[in-house]
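Enquirer: Knowing the structure of chain R, use the given hints to seat chain S on it.
Protein chains in written order, with this note's numbering: chain R, 1 to 282; chain S, 1001 to 1163.
Don't take every hint at face value.
[Unchecked claim] Calculated lysine to any residue pairs in the SDA-like style (CA-CA distance at most 20 Å, straight line): (1) R:Lys8 <-> S:Ala1015; (2) R:Lys54 <-> S:Cys1040; (3) S:Lys1055 <-> R:Asn60; (4) R:Lys45 <-> S:Cys1040; (5) R:Lys54 <-> S:Ile1004; (6) R:Lys8 <-> S:Tyr1002; (7) R:Lys8 <-> S:His1070; (8) R:Lys205 <-> R:Asp132; (9) R:Lys54 <-> S:Asp1053; (10) R:Lys8 <-> S:Asp1068; (11) R:Lys54 <-> S:Asp1068; (12) R:Lys157 <-> R:Glu136; (13) R:Lys8 <-> S:Thr1016; (14) R:Lys54 <-> S:Thr1007; (15) R:Lys54 <-> S:Arg1005; (16) R:Lys45 <-> S:Thr1020; (17) S:Lys1055 <-> R:Glu82; (18) R:Lys54 <-> S:Gly1054; (19) R:Lys8 <-> S:Arg1005; (20) R:Lys8 <-> S:His1014; (21) R:Lys8 <-> S:Cys1040; (22) S:Lys1055 <-> R:Val61; (23) R:Lys54 <-> S:Lys1055; (24) S:Lys1055 <-> R:Ser99; (25) R:Lys8 <-> S:Ile1004; (26) R:Lys54 <-> S:His1070; (27) R:Lys230 <-> R:Ile240; (28) R:Lys54 <-> S:Met1021.
[As the list claims (entries may be wrong)] Below, a sample of chain R positions facing chain S; criterion: calculated Cβ distance under 10 Å: (29) Leu2; (30) Gly3; (31) Phe5; (32) Leu30; (33) Val38; (34) Gln104.
Read the hints as simulated data drawn from the structure, not as lab findings. All C-beta atoms in this analysis are idealised placements derived from N, C-alpha and C, irrespective of residue type, glycine included.
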Amino acid sequence: MLGNFEYKRIRSIEEGCQYLAEAAGDGAVLAGGTDLLVEIRNGLKSPQLLVDCKGLDVLNVFSVDDSRSTIGASVALNQLIEHRVFRTTHPALADALASIGTYQLRNRATLVGNICNASPAADAAPVLLVLDAVVEVAGVEGPRTVPVRSFFAGVKKTTLKPDEIVTAIALPARSGLRTAFRKQQRIRGHDLAVVNAAGAYSPAKKVLKLAIGSCAPTPVLLDPIEVDSKDNEAFADHVIETVLRAVSPISDVRASAGYRNAVLPILVKRILHELLFEGSGA
Amino acid sequence: MYDIRFTVNGQPEHATVPATMTLLDLLRDRLALTGTKEGCGIGECGACTVLLDGKPITSCLMLAVEADGHDIETIEGEAVGGGLSVLQQAFIDTGAIQCGFCTPGMIMSARGLLNRTPDPSDENIVEAIAGNLCRCTGYEAIIAAVRLAADRLAGAKQGRGQS
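If we strip away everything but chain R, and leave its shape as in the complex, we get (with noise of 0.2 Å):
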C-alpha cells in the first residue's frame, strides 16, 4: 500500500482541473506515476487526491513534422523513442528521452511527466529549453501557453497553479537547426544525470542556445551566443567560460560539485564539436 490517497480517472480535462481546485494543493496529476508513486511510497510527497489523465484520448495522442510538433501528456517516453519520424525530427530529444530510466520505465513514463516533476536533473528539459517549446497547459480559468523556460521554478517546483494540469508540449519548427544531447551518469538505466546538456545551433543565424541540467536549482538556459567559427579553441573556451559562470552545482549523493564542475566543459565540448566542429550544415 502507497500513501492514503483518493483516485480520480477524470473523463474530461475541464473535469481534472476542477477535482485539482478543490483538493487545493492537496491534488496531483497521475500521468506514468514513475517519479509521483516513488515520492509518494518515500514519504517525500502525500497528496490527497491521485487525478489520472490517462483515459483521456485527447491526451494520448502525438504528432510530429517539420513545422511543428504536439506531444500529448500521457504519451509515453517509448511511444515516441519507438516513433521513426520523431527519432529523425527530434533527434536530440530522443536520445534524452532513451537516456532515462529503464525500457519498463519508459512504457510508462511521459515526456510531460518529465518536465512537471521539476528534478533539476530531468533529461528532457535542456533538450526543450532549447528547442524554445511550449508548455500548453488547462486550468479552471481556462488554457494557456508557457515558454517551457518560464516554466521551472525551483527544485521539484514549477510554475503552475495548483488547478492546472499540462495538456501538452508543443515544438516549434526546427527550420535547420541541429541539436545534441550529452549526459554524464553513473550507471546506465538506475540513476538520474550527474550533469545533461544540449545545444541547438542555427547554421542560417549562426546562433547556439545550450542549457544545462542538474547543475543549479532548474535547469539552465543560457543566453544565445553569437558563433564565431574562425578559432574553435578560442571559441570552446569562451563558450565554456559562459557556462560555468551561468551555473552553481552542489555536492549531493551522485556528485561533488567540483566534478560537476569538471565533467560539464567536457560536455559542452562535446557538443560544440558535434554542431559545430565536425560536418556540415544539414
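Expert: Just chain S now, with coordinates in the frame of chain R:
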C-alpha cells in the same frame, strides 16, 4: 474502494481494490500469483516486471486501479499446459538462473523484447534487460538464454514453414 475488471494471462478478473494498492500487491496478495517478485518497490530492480497490454512495466509503480480495462501477463502465463515455455527452457539450458529471484522479471522483459523484436541483437537484449538486476549470474548466461530462445523460436517457425 474501486471496482476493476482486467485480464491476467488471458483470464478475465474482477476485483475491488483501495486506491493505494499497487498492481504488484493485487497480483501477489489477492490473486496469489506470487511468481512476480517485489525487490526494491521503486522501479529500479525489475523483479516485479509484468506485461501491460504486451509491454513490460514495473508492477510496483502502477496502481491496481490503473489496471482497469487492461491485459496483464505474468510469469505464471509462460508455462502453458504444464510444459515450460521456450524462454523458460532456454534459461535452464544456459544456466541463466542461480537464486532465481530476478528470473520472473527477466523472463517477462525478454518476453516483451521477443514480442517486438523476434530476432534481437545482443545490444537489443542488453537494453531490454537493463532494468532487471541480477546479483548472481553476471548477465552473460541470461543474454545467452534470450538469444537461444529467439533462435529456437525462429527455428520452430522455419520448421513449420517447411512442413
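Enquirer: Is the Cα-Cα distance between R:Lys45 and S:Thr1020 20 Å or less?
Expert: Between R:Lys45 and S:Thr1020 the Cα gap is close to 14 Å, so the pair holds against 20 Å.
Enquirer: Between the alpha carbons of R:Lys54 and S:Gly1054, is the straight-line distance 20 Å or under?
Expert: Satisfied, since the Cα-Cα distance of roughly 17 Å is no more than 20 Å.
Enquirer: Return the status of the interface hint for R:Phe5: holds when the least beta-carbon distance to chain S is below 10 Å, violated otherwise.
Expert: Hint on R:Phe5: holds, closest Cβ of chain S at ~6 Å, below 10 Å.
Enquirer: Does the nearest C-beta of chain S fall within a distance shorter than 10 Å of the C-beta of R:Gln104?
Expert: With a minimum Cβ separation of about 5 Å from chain S (threshold 10 Å), the hint on R:Gln104 holds.
Enquirer: When you check the alpha-carbon spacing of R:Lys8 and S:Cys1040, does it fall within 20 Å?
Expert: Not satisfied, since the Cα-Cα distance of roughly 27 Å exceeds 20 Å.
Enquirer: Does S:Ala1015 sit within 20 Å of R:Lys8, going by the straight-line distance between their CA atoms?
Expert: Roughly 17 Å between the alpha carbons, so the hint for R:Lys8 and S:Ala1015 holds.
Enquirer: Can the restraint linking R:Lys8 and S:Arg1005 be considered satisfied, given a maximum Cα separation of 20 Å?
Expert: Between R:Lys8 and S:Arg1005 the Cα gap is close to 16 Å, so the pair holds against 20 Å.
Enquirer: Given the hinted pair R:Lys205 and R:Asp132, is their Cα-Cα distance within 20 Å?
Expert: Roughly 15 Å separates the two Cα atoms, so the pair holds.
Enquirer: Could you check if R:Leu2 really has its C-beta closer than 10 Å to a C-beta on chain S?
Expert: For R:Leu2, the interface hint holds, since the closest Cβ of chain S sits about 5 Å away, which is under 10 Å.
Enquirer: Does R:Ile240 lie within 20 Å of R:Lys230 when you go C-alpha to C-alpha?
Expert: Holds - the C-alpha atoms of R:Ile240 and R:Lys230 are around 17 Å apart, at most 20 Å.
Enquirer: Are the Cα positions of S:Lys1055 and R:Glu82 separated by 20 Å at most?
Expert: holds, 13 Å
Enquirer: For the pair supplied as a hint, R:Lys54 and S:Asp1053, is the alpha-carbon distance within the 20 Å limit?
Expert: holds, 14 Å
Checked against the numbered hints above, the structure violates hints 2 and 21; every other hint is satisfied.
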